[in-house]
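2 protein chains.
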Amino acid sequence: MSSIYRYSALASRMQPSPIRELFQMIRQPGMISFAGGLPDPSAFPVGPVADCAEVLARDGRRVLQYGASEGYPPLRDCLIEMMSDRLGYEVPPDQLLVTSGSQQGVNLAARVLLDPGDVVIVEAPTYPGTIHSLRNAGARFATIPCDADGMQVDLLPEIVENVETATGLRPKLIYTVPDFSNPSGACMSLERRRLLVAFAAELEIPVFEDDPYGKLRYTGEAFPNLKHIAGGAPQVIYASSFSKVLAPGVRVAWTVATPDLVRAMVLMRQGEDLCTSTVTQALVAEYCRRGHLESHMDKILDVYSGKCAAMQRALVQHLPSGAAHWTEPEGGFFFWLELAKGSSHELFDRAIAEKVAFVPGGAFYPDNDEQIGEVHTGDRFARLCFTFADEESIDEGCRRLGRVLGG
Amino acid sequence: MSSIYRYSALASRMQPSPIRELFQMIRQPGMISFAGGLPDPSAFPVGPVADCAEVLARDGRRVLQYGASEGYPPLRDCLIEMMSDRLGYEVPPDQLLVTSGSQQGVNLAARVLLDPGDVVIVEAPTYPGTIHSLRNAGARFATIPCDADGMQVDLLPEIVENVETATGLRPKLIYTVPDFSNPSGACMSLERRRLLVAFAAELEIPVFEDDPYGKLRYTGEAFPNLKHIAGGAPQVIYASSFSKVLAPGVRVAWTVATPDLVRAMVLMRQGEDLCTSTVTQALVAEYCRRGHLESHMDKILDVYSGKCAAMQRALVQHLPSGAAHWTEPEGGFFFWLELAKGSSHELFDRAIAEKVAFVPGGAFYPDNDEQIGEVHTGDRFARLCFTFADEESIDEGCRRLGRVLGG
Chain A
1104 MSSIYRYSAL
1114 ASRMQPSPIR
1124 ELFQMIRQPG
1134 MISFAGGLPD
1144 PSAFPVGPVA
1154 DCAEVLARDG
1164 RRVLQYGASE
1174 GYPPLRDCLI
1184 EMMSDRLGYE
1194 VPPDQLLVTS
1204 GSQQGVNLAA
1214 RVLLDPGDVV
1224 IVEAPTYPGT
1234 IHSLRNAGAR
1244 FATIPCDADG
1254 MQVDLLPEIV
1264 ENVETATGLR
1274 PKLIYTVPDF
1284 SNPSGACMSL
1294 ERRRLLVAFA
1304 AELEIPVFED
1314 DPYGKLRYTG
1324 EAFPNLKHIA
1334 GGAPQVIYAS
1344 SFSKVLAPGV
1354 RVAWTVATPD
1364 LVRAMVLMRQ
1374 GEDLCTSTVT
1384 QALVAEYCRR
1394 GHLESHMDKI
1404 LDVYSGKCAA
1414 MQRALVQHLP
1424 SGAAHWTEPE
1434 GGFFFWLELA
1444 KGSSHELFDR
1454 AIAEKVAFVP
1464 GGAFYPDNDE
1474 QIGEVHTGDR
1484 FARLCFTFAD
1494 EESIDEGCRR
1504 LGRVLGG
Chain B
1104 MSSIYRYSAL
1114 ASRMQPSPIR
1124 ELFQMIRQPG
1134 MISFAGGLPD
1144 PSAFPVGPVA
1154 DCAEVLARDG
1164 RRVLQYGASE
1174 GYPPLRDCLI
1184 EMMSDRLGYE
1194 VPPDQLLVTS
1204 GSQQGVNLAA
1214 RVLLDPGDVV
1224 IVEAPTYPGT
1234 IHSLRNAGAR
1244 FATIPCDADG
1254 MQVDLLPEIV
1264 ENVETATGLR
1274 PKLIYTVPDF
1284 SNPSGACMSL
1294 ERRRLLVAFA
1304 AELEIPVFED
1314 DPYGKLRYTG
1324 EAFPNLKHIA
1334 GGAPQVIYAS
1344 SFSKVLAPGV
1354 RVAWTVATPD
1364 LVRAMVLMRQ
1374 GEDLCTSTVT
1384 QALVAEYCRR
1394 GHLESHMDKI
1404 LDVYSGKCAA
1414 MQRALVQHLP
1424 SGAAHWTEPE
1434 GGFFFWLELA
1444 KGSSHELFDR
1454 AIAEKVAFVP
1464 GGAFYPDNDE
1474 QIGEVHTGDR
1484 FARLCFTFAD
1494 EESIDEGCRR
1504 LGRVLGG
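So the sequence lines, in the order shown, correspond to chains A and B.
Read in order, the letters of the first sequence are residues 1104 to 1510 in the working numbering.
Read in order, the letters of the second sequence are residues 1104 to 1510 in the working numbering.
These aren't lab readings, by the way, just hints derived from the structure by calculation.
Do not rely on the hints blindly, as some may be mistaken.
Identical copies go unnamed one by one, so any copy, or any two together, can satisfy a pair.
What the hints assert, rightly or not - Calculated lysine to any residue pairs in the SDA-like style (CA-CA distance at most 25 Å, straight line): (1) 1318 / 1433; (2) 1318 / 1109; (3) 1318 / 1164; (4) 1318 / 1499; (5) 1444 / 1115; (6) 1444 / 1335; (7) 1458 / 1165.
Starting from the given sequences, assemble the full structure and let the hints guide the process.
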């Protein structure tokens, strides 16, 4: 009887998310998880957020009603103020869209820009949620390799040319997480940022700059955002989120783009979810208005830099010498280990038996048959999140990983 | 420079929502609006909802974190309990998906079921947000006329046959709001419900039963839901929402479908927005757990039945005799007026000049060139929402409308 459903080609192609399946496997007592890219719940500002719910009592008639697809005005005011510092210009209101997580920003941009078969250039490795959104819009992928300084931007013109030769199509979009990439933790150098912004204009391919982690820098000097370097020019679409700096449960993020693109994304979302919850937007706006965000940032920078250092120490101490290579991240959520030998997928099975979990690198690359040109895979890599576990568990988890790698 | 964006065919086809444009026009001092389908903000349970924010203080570490795409467990428990009464069976957990508004349920179902060019049967008239979601999935439309007893179900086999003849395709889905349709306010008769459930199984075309208004009955006897009549069988996909009975600003709704379909929708949304806000889900769950929903329903049934009666009185009193025909709704949000002559679009312009607003009927039909078979348009109709304005404004607004219709 369930044969009554005839699924779309898109749905028929969809595979269970490898990360989701993995999360089912690691729900075991005693498991230490470096797998999920989750903030530390013990660092959530529970009391202040709960206090901010006073806005519901004060302004409930507005807050409980439908809101504009563009976002709740008091939150938009906070964001425009935040962005003038971050992006170096006063973002005009018609360039701002509040989204339900920045994943929604990626998804809306993908749906308004991509036709099935279009090519998007993504970093190898890149965020799996973005692969999913782009794939749902029918994208094919050209991958651009990364090193400790992020995307190897100098390869871009050649990759674009190869895509054009292979498909007859100019890539429609370049996707990057320049600051503390998920999963690699790498931060794009200033020189490469400038080059990317220039190439994007020259090649007429817009860049989607996804920036959930940029404010989570624990050491070293910050580089300006791509959108800042571009002077706000249209070739950079900028997105950021409260998920990593405040709380993912509020589902509040935003995209900065041209008025045209914002309008198209608004129209698209009116067929999707109409608007982001005014309740959570009001909570976040109130939290910012009361000045809590600055002091909370100080706190989590302290907590996360401690955890980052703890994982660095533990990996150095517990992993067999030469078994893996990595660059200590200067911010964000992740260590990205390159194994000297063997497959991280196979390592994962043995790690689970020792009750420590990570995400095998393969999850961060498009499938081989979705890639145009040189195919990159992540089988030698492993992503370890250091923000979720406590420091003691970080040490013990790395000890277990060391046993697995040595065994 | 903004030519750097090359939009998708889908985005290029998208038109500004007629209703959205209209909302811009009616933002004038002194305007009485029957246009938006909005709940009465003065009836929102502001105090109790604000009190429920205590759950943030109590359970913040969970509530502020990422949640499962399927929904927040305590809310899911409330919904399963609510549904066992409403749908007549205990909904297994794997048949339930929490969504960000029921529009998202429609959108996800459209994306997992429809390929571009597929045909969906919708009521004429129907909810414009659904037309938008289906159109974004590439749908074409066959329309089935409605009368005071809802969809004229007996025409269904013929319409299916005509679609097959014209396109070679079996329609993929039937969309209906059986209880107090937006916009027509009509309630599908019990006989037609039974017939629709039987046809859906026989023709092997699933029905999407969108039920935001079912619990808002002010008079007359309730009919069982289609999903109830079907005994929970797969040919009915059921969706409902807290938007109309509690508050749209929480963006909390749900869909009940087969485990297969729920799984496909979950996979799809992991490329869209990951999950509904755990914060608003926890607020709603707490609100239900404290037993507030029942007493609030009593209150809004009282408020809205009063407003419905007020609009009926005012229309009878102020509209010139014979200028329009309508059936007094037994529930929901809307009156649906059929004009004796002239176009509602042209009437709209004159009404705005008199400072009263409604939505012209054309908004509730797919575009002519999207319709397969007999084309229905709404030019003789007007939708009037009675829930938003206060009773005094309802009277004055209908008086103005009467002037326009008489002039």
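Structure-based check of each hint:
1. Taking CA atoms no more than 25 Å apart as the test, residue 1318 paired with residue 1433 passes inside one copy only; the shortest distance there is 11 Å, against 54 Å between copies.
2. In this assembly of identical chains, the alpha carbons of residue 1318 and residue 1109 never lie at most 25 Å apart, being 45 Å within a copy and 31 Å across copies at closest.
3. Within a single copy, residue 1318 and residue 1164 get their C-alpha atoms only as close as 34 Å, which misses the 25 Å cut-off; across copies the closest is 22 Å, which meets it.
4. In this assembly of identical chains, residue 1318 and residue 1499 lie within 25 Å of each other by CA distance neither inside one copy nor across copies; the values are 28 Å within and 54 Å between.
5. Within a single copy, residue 1444 and residue 1115 get their C-alpha atoms no closer than 35 Å, and across copies no closer than 49 Å, so neither meets the 25 Å cut-off.
6. Proximity of residue 1444 to residue 1335 under the C-alpha cut-off of 25 Å is found in neither arrangement, the shortest distances being 44 Å within a copy and 53 Å between copies.
7. Proximity of residue 1458 to residue 1165 under the C-alpha cut-off of 25 Å is restricted to the inter-copy arrangement: shortest distance 23 Å between copies versus 48 Å within a copy.
Of the numbered hints stated above, those contradicted by the structure are hints 2, 4, 5 and 6, listed in ascending order.
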